[in-house]
Each structure stands twice: as C-alpha cells, then as structure tokens.
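> Spelled out, the chains give:
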Amino acid sequence: MDMNEIKEIFFQECEEQLAELETGLLKLNDGDRDPETVNAVFRAVHSIKGGAGAFGLDDLVSFAHVFETTLDCVRSNKLEPNQDVLKVMLRSADVLADLTNAARDGGTVDEARSRQLIKELEALANGESPQAAAAEPAPKAAPVVATMPAPAANDEGFQPVAFSFDDFETEEPAACDLPAYDIVFKPKSDLYSKGNDATLLLRDLSRLGQMSIHCDMDGLPTLDRMNPEAAYFTWKVSLKTDKGEEAIRSVFEFAEWDCDLDVTLAGDTPVATDELPMQPVPFDLSMLDEGAQAPTSAAQDQIAAQERDARDAAVSAAETASNVLQMAQTAARPPAEAGRNATTASSAAQTAAAQQAASAATPTIRVDLDRVDRLINLVGELVINQAMLSQSVIENDTNGTSSINMGLEELQQLTREIQDSVMAIRAQPVKPVFQRMSRIVREIADMTGKSVRLVTEGENTEVDKTVIDKLAEPLTHMIRNAVDHGLETPEKRLAAGKSAEGTVRLTAKHRSGRIVIELADDGAGINREKVRQKAIDNDLIAADANLSDEEIDNLIFHAGFSTADKISDISGRGVGMDVVKRSIQALGGRINISSKPGHGSIFTMSLPLTLAVLDGMVVTVANQTLVVPLTAIVETLQPEASAIHSFGASQRLISIRNSFCPLVDVGRILNFRGIQANPVDGVALLVESEGGGQRALMVDAIQGQRQVVIKSLEANYTHVPGIAAATILGDGRVALILDVDAIVSASRGQSLKPEISLAAAG
Amino acid sequence: MSNAAKNLTTGARELIAFRVGNQEFCVNIMSVREIRGWAPATPMPHAPPFVLGVINLRGAVLPIVDLSARLGMTPAEPTVRHVIIVAQVKNQVVGLLVDAVSDILTVSDEEIQPTPDILSDFEKSFARGVLAIGGRMICLIELDAVFPREEREAA
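Which chain is which? The protein sequence lines are A and B, in order. Going by UniProt numbering, 272 is the number at position 272 of the first sequence; the sequence numbering is gapless. Going by UniProt numbering, 24 is the number at position 24 of the second sequence; the sequence numbering is gapless.
In case anyone wonders, no lab produced these hints; they're calculated from the structure. A couple of the hints might just be wrong.
To be verified - Here are the simulated distance ranges between beta carbons:
(1) B:Glu111 x A:Asn101: 55 to 65 Å
(2) A:Val372 x B:Pro75: 39 to 49 Å
(3) A:Ser392 x B:Arg58: 13 to 23 Å
Said to hold, decoys possible - List of simulated lysine to any residue pairs, SDA-like, C-alpha gap at most 20 Å:
(4) B:Lys90 x A:Asp370
(5) A:Lys465 x A:Val367
(6) B:Lys90 x A:Glu714
(7) A:Lys596 x A:Ala500
(8) A:Lys431 x A:Ala40
(9) A:Lys87 x A:Glu501
Virtual Cβ for every residue (Gly too), placed ideally from N, Cα, C.
All chains, please: the whole structure from these sequences, using the hints.
Right under this line is the structure:
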C-alpha cells in the first residue's frame, strides 16, 4: 500500500468524520445536550486533525486545531453551545470540509473566510473564559474523576499535554495539590545508539502528570564542531504528579545507564517554573504540547511527526480507551503509592483499550464499487444460468418429483436471495446527500439574508449508490431555488402572518418500488401571473392561451425560464429547472410540482431505486427482441386500419381520440428491415419523449413486461444511436434497450446514423 | 515457467494460430482471453457488415467481429463448428469469429519476416509480419486495427 492509497483512505475517513461532525452539530443545534454528542463532534475534528498532521496538511491542521480548542470549551462546559455559537461552528465545519477537499483535489479555499472563522472561534474560546482554550476538558462522570478537585488555573505557565492520548490527563488531580518534581535529564549518545528516543521517554513522563519542559541547548557546539552522533541537549522537566519518584524513575528504567538523571522534589512552591522560564523552544515544546495556543510553523511539522506516531486505534476511540484506562488504574493503584504498578497497569490497560477500541469500531468495510458491480454481474449471470438449467431439466425430466427438481427449486430460492443481498450492498441511505443540503441551505440563507430551517425526514431511506451520486446535483439546484425564489424575506413573512423563519422540508420515502423525494417550502408559492407573463414574453405560450394552474406551474421546467427579477449570486447561473428535470429524467425519474399561493410549493421526485435495473416492455421487432423502458410508454394500442392515415410520401399518422400522432416503425428506423411494416399487423406503443412530443412506436408484438439488468454497450463496443444499453434475457441472449428519445428525434428527420462510419476503414 | 523465462531473454513470443477461410493467421497469445464456441449473436442496428452482433459473455456484452469479412474476404456463415477468440484490444474485449484454432506457436523475433512489399489496405492495416512454419505461411495480425481507429475514439 503506497502513500497515496493511505492518503485516499484518510480522505474517505475524513468524509465520514465530516458527516459525523455535521450531524452532531445539528443535533446540538436542536437542543441535544448529551455529552456524547459533544464528544462525537470533538472526536471528529480531532481525528481529522490527527490524520492531516500525518500528511503534513498544515492549513487543515491549524484550522482543525482552533476549531478543536473551541469545541473543547463546549466539552468542558465553559462555553454554552447556543445558536450563535453553533452558527459559527457549523460554518467552521463547512470550512473544514472545504479545506479537506482542497487538500484532496488541490483546489483553493476562501482564505478570508477561514481566517475570519479562526478569529470567531478564538473569540468564542476566549470570550467566556480566557484560559479555556488552554485547559483540558472537564471529564465526564468517570469514577476516579468524580472525586477530584476541579482543574486549577494555569498560572504557573503549565500547559496540559494534550497530544493524541486525549484524556489521560483528565484523570490527574489538580496540579496545585500535587508534589512537584524537578527532573534533569541529560541523555548520553549511547541512549540514541541503543535506539532509545528522548522524545518517547519524555512523552511517557508526561503521562504521569502535568509537565512543563525546557530544553537546555547550552551544550550545543557550533556546527563545525558538532559530532552528529553525540548528544548535546539537556532537558529540565518540572512535573506535578502524585505517582511518586519511583514512577518517574521507572520511565527511565531502560535508559538509566545511558543518561544523567536527577530527580528532586521541588516542594510545594512551583519553583521549577520560575527557574525555567518558558522560552519558546519550538523544536522540543511543540513535540509534547499540541495544546499550545499558536503553534509556530516550525512546530507544526513536529506536531505532524508526533501525531503520526501517536495515531492508532486508541486515538480514534479515545473515549473508550480512557474509560477503560481509568477503571484499570483505579483498580490497580492504591491512592498513595505504587507508581510502578500504575505504569504497568496503564500499559496493560492501554493494550486492552486498544483492543476494545478495535472491536468497538463500526463493523463496515470499504469496497470498490467496481468489485460490487462485478459481483452483481456474476449473480445476474447465475440467475440466468439457473433459469436455463431449470428449463432444460423440465424439458428432459418427465418425473416431476425427482430430487433434481427439488434441488433446482432450492437453487432458485438461493439465487434469488443472493441477488437480493448483492443488490442491497449498493444500497445506501440518502443521508449523506441530505446532509450536504443543509450546508447549501445555510449558505443560501446567509447570502439572501433569509432565515431558513431545513427539516429532513427519512434520511435513512436506502437507494442505490449510483442514484445517490446523481441526486446531489438536481437536489442542490432545487434547494437553492426553494430558498432563493420560494421563501420570502423575513419581513414579508411576518407581514403575511408567518414566522420569520422559513422552513424547507426534505423528505425521502419508498413508494411502490421507487424512491420518492419531496422538497417542500412554506414560502409564497409560484406566482402564476408572473410565470404566465414570462412565458408569453418568451413566446412559450400564446397570450390568450388557456392553461390550468398545473400547466402554468410546469412552465418553469422550460429552458431559460427564471422568475427571479434580478440575477443574484444564486440564480442566473444559466442552470434552470429544465436542467433539473433533464437530470431527473436521465435517472429514469419523474418530477412534479404542486404549489399553493401563499403556502409554498412541493416538488416531488420519483426515482428508480437502482440504475442497474430497469422496468421494461419486452417487444419483438423484425424477429429481434428489444426492450422499451416502461417510463417512456404512455399507453399501448392495437391499431385498426381505419385509424391509420397516410401523410405525404412516407409518413403515416395514427388517430388516437381525435388527435393525430406520427407512426414510427422501430424496425425500419433501426435498419432491421428495408420496408415499413404494415401497422395493422403490429402493436403501437404511445411514447412521450423528453421534448414532450408524442410518437406511436410500431413493434411487431409485445412479449411481456419485466425488470431487466442494464448492461453497457459502450464498454466493449461503441455507442449505437437509438440504443440506450443492452440487457441479457432469460435464455442468455443479449437484447437491446431502446433509446426512445433518440428514436423520436430521429423520426423528426434527424439522422440516426452512427457519428462515424464503421465500414469506412477496412 | 522456464518458457516464460526464456521468452524474456531471447525475445521469443507465443502466438495463437487460426484459420480463416483457407488462410492462416496468428495473434499474440497475451491478448487472447479465451476461446469459445459460436453462439448466435444479437444483430446491432447500423453496424458495419463485419460486426455480426453482440453476445453475452458472462454478463458482459461482447461484440463479435467476423474476421473473414473484416479482412476483406468472403463473410463467414457461422456454424456450430466456428470458434470465437475472445481477445483484449486496448481496454475493450472483442470476439473474433474464425473457422478454427490450429496451433500455439513459440517463435523468436527473427523468425517473423517483414510483410511482403505489396501495397494494399489489408497489408497496411492488419499484417505485422509473416511466418514460414513447416511450409505454411502464417500472417501475424495486429488486433488494434480490428475496429477502425475513429470508432475506438468515439467509444
């Protein structure tokens, strides 16, 4: 696995964390004050920061860091997560998402925005309690901690050591009550040659209590006299711990002979810190102290290095880990002494915690969509093969009760179950798309100065991944429309007797084998007079046209139709509702509007659950079997000779309830036969194309209606005009799926010839 | 294994030889995925005459090219005795209808003679060389040209 793959995994994880973050923040926004929610939010940001550090994504790290600090204040109840705070946080989450995307795709981010948010976050962190940012979280109700005094102020200049071992220090008693030790640690070069690392020792030390550290670089010779293998630094550590000197010495147990170690009890007064002024020594400090308020840029690399070391399973499940650890330590440690025990217990507990963390992780795996597709393909083949096998057994076996028949029946059941399960693999809840929409709503609301609440329902409704991926774009546009055009300004709303805050409701549900997504706003509804006028101006309808309300509403799906008076940031991007309609139709879906003046509009989209399967009408044309998508068919009819009218040299029309519809011979237009078939011998499928035109497609016979699995023609062949895709029938043969729109436009005189001639070369 | 090792050092290659009409051709074995019997193909609208249609290859749609027609000879009339060579051409998979597969040849680069100097489209588009093996003449063909280039770009 190379670095890029690891990075890819990190970004995938980021996506999950960002979703988690947003869910949590929205929960908080709804008044949820469960500490677990706050912790989940904190964890999400923390994990992103940790990973970003490992990959040296400095922008991301520094933003996440500030964000984390502010979240920490919420976690420790220093900051009340009210609406204003959450507003900033939600926007920060957006920026974090931007930064993540920028880091992945190499794009740019709005730096002014992120700087502004950093300021706001810092203000929040400092606003209510100036030291809040530096303080580590007040613990949750864990047994050990409950009896401890509250963390003391940081007046000695101590900063709790925060790096990835999250909550270790929360179990520590308040600093001022503890004996302080001065430790002078001078590694010899032997220490390094034996593979020990001073950083690791110091890190171990930091777990014992609150620590301040100073690197004495006085011994450092000038560069020309430096021996690269020698050790020149001395560390002066001031540590507050209740674990006793023995615990401190045990940290250096294996390095004892390779360093000069001096441990003295400093007494109650924090002399140590006075003697050791905190001068910024980024090389060293930052490695141990990611809680520093403003890490210098040099320090960031070190943080990155540190995090790389520290990022393991226990980090991502810090909560679980620390709880287990606390329990283990309480059990193992008599209050006054036995530091050594505590250390061993803690390492044991750490292992246990890591194991538990690993098993507590959500049992999911990440799989390439390609692999799943391959599986789906194979299962489809299995089903076809099984059907063929059944067929031949029935043909050859006269004894209906034979064990072969029973076995076959079982096989049939199994294959069906396998097929269902495999299809379910690709099914995913619509939640991620819905979550993205809440960001869109926030942004548009900010831009338009409207106050909007997004309510989502049924976000666990599952639908095929391919559909979800293609849903985001039309949905985004519709949400923009709903907020920008649909909802009134707060003043207008109040004047109309509504609450100032508009509501946009996004609902997903299953209905008769399809997914129905509804977008409702409680705005002003469609201004039909305006729409009508606009349509007349654009020559879409005649000035005196008599249209029903529904017909007028549907006018907004016409290309180039916008009811916005002015072109704003949000509208006027050249993407109209016509594009929405087209992309929904491309998904095999339909879209409807219903609008009530003064009460808002509801857009209803009905989509297939999967793009891999299509409901089709299986028909015969010139001895070939073709599939016509059911969504395109309005009705089928048996033409009578009296209903067929010739029109000019070659055109024929069929009269349906007193209107005339052009007849299209599918066999002729696909070049399957040279002359037009007699319509009376066949069946006419009345279809409606995207452009709205109706055509009667002539086919020879209808075989039936069934679901077919869509196969790509382009993969091994090429695009064939008039053919949308292929499928495989029960007998194992390939059948082509008709592209109704292309056939209809071809019948208008546009060519249905391949763009290039295959016969040209050769 | 030892063959493969030898191939690397001597530049020898393995070829699959087959018969189309009364001529013998061969292609690099590395591009051949499998060899299967003829199955009725579904005709494609607007397809050039040498594309017989598509068949179902374990769930994938596989176009079948009548190699005889493609090489400018008499179009084949497929029977159950005909054979489809499933070959990988670039990132597409194509079925080639041939009369029969005759041989697997291991030849060195030196044994491949340049295409005789006859000016024809056929030579320019397909032939990459000829082999003389046991009094037979076998033409090495390049599968890239089985589907014309423009068409692959369009795909």
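> Are the hints correct? Go through all of them and say.
Hint by hint, here is what the structure shows:
Taking the beta carbon of each, B:Glu111 and A:Asn101 are about 56 Å apart, inside 55 to 65 Å as hinted. Between A:Val372 and B:Pro75 the beta carbon distance is about 40 Å. The supplied range of 39 to 49 Å therefore holds. At about 19 Å, the CB distance of A:Ser392 to B:Arg58 agrees with the hint of 13 to 23 Å. Between B:Lys90 and A:Asp370 the alpha-carbon distance is near 19 Å, which keeps this suggested pair within the 20 Å criterion.
Only pairs whose Cα atoms come within 20 Å are accepted, and A:Lys465 paired with A:Val367 is accepted, the gap being roughly 12 Å. A distance of roughly 14 Å separates the Cα atoms of B:Lys90 and A:Glu714; the hinted pair therefore holds under the 20 Å criterion. Taking the CA atoms of A:Lys596 and A:Ala500, the gap is about 19 Å. The hint holds against a cut of 20 Å. As the CA atoms of A:Lys431 and A:Ala40 are separated by approximately 18 Å, the hinted pair is consistent with the 20 Å bound.
Under the criterion of a C-alpha separation no larger than 20 Å, the hint pairing A:Lys87 with A:Glu501 is consistent with the structure, at around 15 Å.
Checked against the numbered hints given earlier, this structure breaks none of them.
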